[in-house]
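Starting from the known structure of chain A, arrange chain B on it as the hints suggest.
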Amino acid sequence: NAGVTQTPKFQVLKTGQSMTLQCAQDMNHNSMYWYRQDPGMGLRLIYYSASEGTTDKGEVPNGYNVSRLNKREFSLRLESAAPSQTSVYFCASRQGWPEAFFGQGTRLTVV
Amino acid sequence: RKEVEQDPGPFNVPEGATVAFNCTYSNSASQSFFWYRQDCRKEPKLLMSVYSSGNEDGRFTAQLNRASQYISLLIRDSKLSDSATYLCVVNTGDSSYKLIFGSGTRLLVRP
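Chains as they are written, first to last, in the working numbering: chain A, 1 to 111; chain B, 112 to 222.
Be aware that one or more of the hints could be misleading.
Claimed, not checked - DSSO-like, lysine-lysine: derived pairs with alpha carbons at most 27 Å apart:
no., chain 1, residue 1, chain 2, residue 2
1, A, 71, B, 156
2, A, 57, B, 113
3, B, 153, A, 57
4, A, 57, A, 14
Claimed, not checked - Computed Cβ-Cβ distance ranges for the label pairs, DEER-style:
no., chain 1, residue 1, chain 2, residue 2, range
5, A, 39, B, 180, 18 to 28 Å
6, A, 96, B, 138, 14 to 24 Å
7, B, 138, A, 80, 26 to 36 Å
8, A, 80, B, 140, 33 to 43 Å
9, A, 15, B, 164, 48 to 58 Å
10, A, 84, B, 180, 43 to 53 Å
11, B, 188, A, 111, 44 to 54 Å
12, A, 69, B, 143, 25 to 35 Å
13, B, 129, A, 14, 46 to 56 Å
14, B, 185, A, 52, 36 to 46 Å
15, A, 39, B, 170, 45 to 55 Å
16, B, 180, A, 19, 34 to 44 Å
Because the hints were derived from the structure by calculation, they are not lab data.
By construction, the Cβ of each residue, glycine as well, lies at the ideal position given by its N, Cα and C atoms.
In isolation and in its complexed conformation, chain A is listed as follows:
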């Protein structure tokens, strides 16, 4: 059972580089989410997609873009990475209520 799969698991970027974090779920869930987690900050919502074809900003959307490519996939793009974007990124999916299922995270370092 794959659940929610994130790629890559680790990444080091130089300031100004761009990259896309990939997320795919095989549970036929409608809603998908991107969070970032920094020490002592908990998880902060970057963007979410309530259903295929829709995306909405969360708490900290600046510096990021998202694409809900289809029902399975929700990608997060950093156009010009900054050291402040060093974090652990989690993707999640959910169908109705209550449980959101998370991927294992992507550990991103921007130098």
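Chain B alone, transformed into the frame defined by chain A:
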């Protein structure tokens, strides 16, 4: 002010102790409430939902006080395996899809 606030702890308790965590939320229109558990460097996982009348799952009891806008989690007979970070999660009132996490409360259970 953050939408969901928690005492970061850590709470350091002996095995067998009872420990309680509180969480406050700012949006009075919030609809649904949850506790998630996160082990070190792992993804969060649902511990339990929080119902208006309060609910229990084994050693864990969750309470909701809508008038005061706080949620609590009580753990009885603490086990070493309960050591983790406990995250308060709220489905905010502006969207039934928007899940906002608190920063988490760290629990350390010692032998």
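Please flag the earlier hints that this structure goes against, numbers listed from lowest up.
Numbers 10 and 15, in rising order.
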